[in-house]
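Enquirer: Take a look at the letters that make up each chain.
4 protein chains.
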Amino acid sequence: MEHYDLAIKKLKERGVTINDIAEVTLFLQTKYVKGLTLDHCIEEVKNVIKKRESINAILTGISIDEMTEKKLIDKELCDIIMDDEGLYGIDEILALSIVNVHGSIALTNFGYADKIKPGIVKIVDNDGHNGNKCNTFLDDIVCAIAASAASRIAHYGIEKK
Amino acid sequence: MEHYDLAIKKLKERGVTINDIAEVTLFLQTKYVKGLTLDHCIEEVKNVIKKRESINAILTGISIDEMTEKKLIDKELCDIIMDDEGLYGIDEILALSIVNVHGSIALTNFGYADKIKPGIVKIVDNDGHNGNKCNTFLDDIVCAIAASAASRIAHYGIEKK
Amino acid sequence: MEHYDLAIKKLKERGVTINDIAEVTLFLQTKYVKGLTLDHCIEEVKNVIKKRESINAILTGISIDEMTEKKLIDKELCDIIMDDEGLYGIDEILALSIVNVHGSIALTNFGYADKIKPGIVKIVDNDGHNGNKCNTFLDDIVCAIAASAASRIAHYGIEKK
Amino acid sequence: MEHYDLAIKKLKERGVTINDIAEVTLFLQTKYVKGLTLDHCIEEVKNVIKKRESINAILTGISIDEMTEKKLIDKELCDIIMDDEGLYGIDEILALSIVNVHGSIALTNFGYADKIKPGIVKIVDNDGHNGNKCNTFLDDIVCAIAASAASRIAHYGIEKK
Numbered sequence: 000m001e002h003y004d005l006a007i008k009k010l011k012e013r014g015v016t017i018n019d020i021a022e023v024t025l026f027l028q029t030k031y032v033k034g035l036t037l038d039h040c041i042e043e044v045k046n047v048i049k050k051r052e053s054i055n056a057i058l059t060g061i062s063i064d065e066m067t068e069k070k071l072i073d074k075e076l077c078d079i080i081m082d083d084e085g086l087y088g089i090d091e092i093l094a095l096s097i098v099n100v101h102g103s104i105a106l107t108n109f110g111y112a113d114k115i116k117p118g119i120v121k122i123v124d125n126d127g128h129n130g131n132k133c134n135t136f137l138d139d140i141v142c143a144i145a146a147s148a149a150s151r152i153a154h155y156g157i158e159k160k
Numbered sequence: 000m001e002h003y004d005l006a007i008k009k010l011k012e013r014g015v016t017i018n019d020i021a022e023v024t025l026f027l028q029t030k031y032v033k034g035l036t037l038d039h040c041i042e043e044v045k046n047v048i049k050k051r052e053s054i055n056a057i058l059t060g061i062s063i064d065e066m067t068e069k070k071l072i073d074k075e076l077c078d079i080i081m082d083d084e085g086l087y088g089i090d091e092i093l094a095l096s097i098v099n100v101h102g103s104i105a106l107t108n109f110g111y112a113d114k115i116k117p118g119i120v121k122i123v124d125n126d127g128h129n130g131n132k133c134n135t136f137l138d139d140i141v142c143a144i145a146a147s148a149a150s151r152i153a154h155y156g157i158e159k160k
Numbered sequence: 000m001e002h003y004d005l006a007i008k009k010l011k012e013r014g015v016t017i018n019d020i021a022e023v024t025l026f027l028q029t030k031y032v033k034g035l036t037l038d039h040c041i042e043e044v045k046n047v048i049k050k051r052e053s054i055n056a057i058l059t060g061i062s063i064d065e066m067t068e069k070k071l072i073d074k075e076l077c078d079i080i081m082d083d084e085g086l087y088g089i090d091e092i093l094a095l096s097i098v099n100v101h102g103s104i105a106l107t108n109f110g111y112a113d114k115i116k117p118g119i120v121k122i123v124d125n126d127g128h129n130g131n132k133c134n135t136f137l138d139d140i141v142c143a144i145a146a147s148a149a150s151r152i153a154h155y156g157i158e159k160k
Numbered sequence: 000m001e002h003y004d005l006a007i008k009k010l011k012e013r014g015v016t017i018n019d020i021a022e023v024t025l026f027l028q029t030k031y032v033k034g035l036t037l038d039h040c041i042e043e044v045k046n047v048i049k050k051r052e053s054i055n056a057i058l059t060g061i062s063i064d065e066m067t068e069k070k071l072i073d074k075e076l077c078d079i080i081m082d083d084e085g086l087y088g089i090d091e092i093l094a095l096s097i098v099n100v101h102g103s104i105a106l107t108n109f110g111y112a113d114k115i116k117p118g119i120v121k122i123v124d125n126d127g128h129n130g131n132k133c134n135t136f137l138d139d140i141v142c143a144i145a146a147s148a149a150s151r152i153a154h155y156g157i158e159k160k
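Protein sequence lines correspond, in order, to chains A, B, C and D.
For the first sequence, numbering that gives the first Met the number 0 begins at 0 and goes up steadily by one.
For the second sequence, numbering that gives the first Met the number 0 begins at 0 and goes up steadily by one.
For the third sequence, numbering that gives the first Met the number 0 begins at 0 and goes up steadily by one.
For the fourth sequence, numbering that gives the first Met the number 0 begins at 0 and goes up steadily by one.
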């Protein structure tokens, strides 16, 4: 399987579709770009995920979430990751590998989405606090992809399409 | 004059007091820290500004804003900076020199504050779009200091005081 | 066990002592600071590791290396991490969580150490290409700690001691 | 004049040609890519400079160097920038706006080039310590462009051509 397809598959297994992420992008960018459609957002979300940085961040982050759920890593680290009261910090850093390559608009949108948790982000975040489920990395990855797609739209506009 | 005092003085000349920034910090952190006071925020804002990274970013950012207002730099760059429709990007990057040294909570709060522009940030931003005034760097610097102080409070709590 | 002690223990299990890292710091900083000793470097390496950002990066990075060795993560990701021809990128990003909080001197020293691989860095790197051993994250973490300690020495000098 | 052409012109006025930067890229990447030519490096240096992030960083950084030389900014900040003993830090941060969008290979190469100062970087650095000349930002910008072009070559190879 291609790495891109694997990344999409892993996201889906964890409850996140391209459509879900595109809706976050639409929410972030709709007030700045007249006539922005969900279809356009879907296209740009795909463009973001295609990048090597995104694929590696998605596969790695979801793996850590899964290892944590399965308690395959040291108990102390499991506890830190499961708690994630915002002080762990490695989840945001990993997401930066996606955000950084998309410039400063991606960065501010990432911080914004991470705080207000629109749509699927909130669902993923809540889900991660239920029982043994761990979405510590997933919610930051979703924010990072959505914010990076928003940045692509801000830079390239919608005429490009 | 000490560099710290100079940084405070320059901020004040541009219309920003420590109190103004502390109010942004209070806004950012009040829901997470029970009993957080403006006085505590003022203390942490001062701690942030004392750092060499902050002083250098404040002095440099405000200098660029001033040079732009006085049209002492190339017309093309002046136009890019004055317009600042979010695509310039150097203002956010400069602010990162403050944010980075305060960890990932500072980063997400910076992105959040930069988008919703609470209190003095909105005033500074509006002021920067009036006539020949340029606050392109100043508003990001204010967000960065407030977000970094919020991160200090999240990490150290209020017992430390 | 305290998280700091656990971080030190994990490093040791993977073949890296505080002394090893301090020697990299000494190598990086000796030409800039007259009279710099290994003891002083050891002190600053400890100060770096004590930070929450460092502990989390050490525990997380080593966990991924271990999961990769044990083939507990998806085969595709295992292959990407084991190969690490510099295109994976998540290892450097994770190390940035340590480097960023220590300012720009840490950043340039990190890039430098990552390229020339002094002392223990080279040993760890070579070791990671033998059979099923994986040190993809470990070598970047060592560079990040050594570079951050170098930055502390540059900023605070040796009088502070 | 197009912003790209202006950026090239400003670099040239400050003593740096595309060819000079491409030679640094060739130096950085020649051992990793068989058959890499200066012409290919020139092409990738141009691709880096074409990006909005690069143009804005080049124009802004050179403007600060020029303002500092002409003593148009506060004396205290002039002294900090002219001294640049590595503690100023804003020059490296500004260069990061170029480096970040090119991934982690760009980052490590940037740190490496900043430390060993190959070719034009050393010339620019020395020149900046003569009399009233200030190249504090310029040398980091050159390192950032060269390192980013090196990263493009590492990612895309030379077949792409």
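Hints in this document: simulated from the structure, not taken from any laboratory.
A virtual CB, placed ideally from N, CA and C, is assigned to each residue, including glycine.
Check each hint, because a few of them may be wrong.
Derived, one-sided and incomplete: chain D residues facing chain B with beta-carbon distance under 10 Å [unchecked claim]:
| no. | residue |
| --- | --- |
| 1 | His2 |
| 2 | Ile7 |
| 3 | Gly60 |
| 4 | Glu68 |
| 5 | Leu76 |
| 6 | Asn99 |
| 7 | Ile122 |
| 8 | Asp126 |
| 9 | Asn131 |
In the DSS-like style, the derived pairs of lysine-lysine whose C-alpha atoms are separated by at most 27 Å in a straight line are [claimed, not checked]:
| no. | chain 1 | residue 1 | chain 2 | residue 2 |
| --- | --- | --- | --- | --- |
| 10 | B | Lys70 | D | Lys132 |
| 11 | D | Lys74 | B | Lys69 |
| 12 | C | Lys45 | A | Lys8 |
| 13 | C | Lys116 | C | Lys49 |
| 14 | D | Lys33 | D | Lys45 |
| 15 | D | Lys8 | B | Lys69 |
| 16 | A | Lys45 | A | Lys33 |
| 17 | A | Lys121 | A | Lys11 |
| 18 | A | Lys74 | C | Lys69 |
Enquirer: The structure should be examined with respect to each hint, and the outcome stated for every one.
Expert: Here's how the hints hold up against the structure:
no. : hint               : verdict
1   : His2               : holds (6 Å)
2   : Ile7               : violated (13 Å)
3   : Gly60              : holds (9 Å)
4   : Glu68              : violated (12 Å)
5   : Leu76              : holds (4 Å)
6   : Asn99              : holds (8 Å)
7   : Ile122             : violated (24 Å)
8   : Asp126             : violated (21 Å)
9   : Asn131             : violated (17 Å)
10  : B:Lys70 - D:Lys132 : holds (22 Å)
11  : D:Lys74 - B:Lys69  : holds (17 Å)
12  : C:Lys45 - A:Lys8   : violated (42 Å)
13  : C:Lys116 - C:Lys49 : holds (24 Å)
14  : D:Lys33 - D:Lys45  : holds (21 Å)
15  : D:Lys8 - B:Lys69   : holds (23 Å)
16  : A:Lys45 - A:Lys33  : holds (21 Å)
17  : A:Lys121 - A:Lys11 : holds (16 Å)
18  : A:Lys74 - C:Lys69  : holds (17 Å)
In the structure shown, a violation is registered for the earlier hints numbered 2, 4, 7, 8, 9 and 12, in ascending order.
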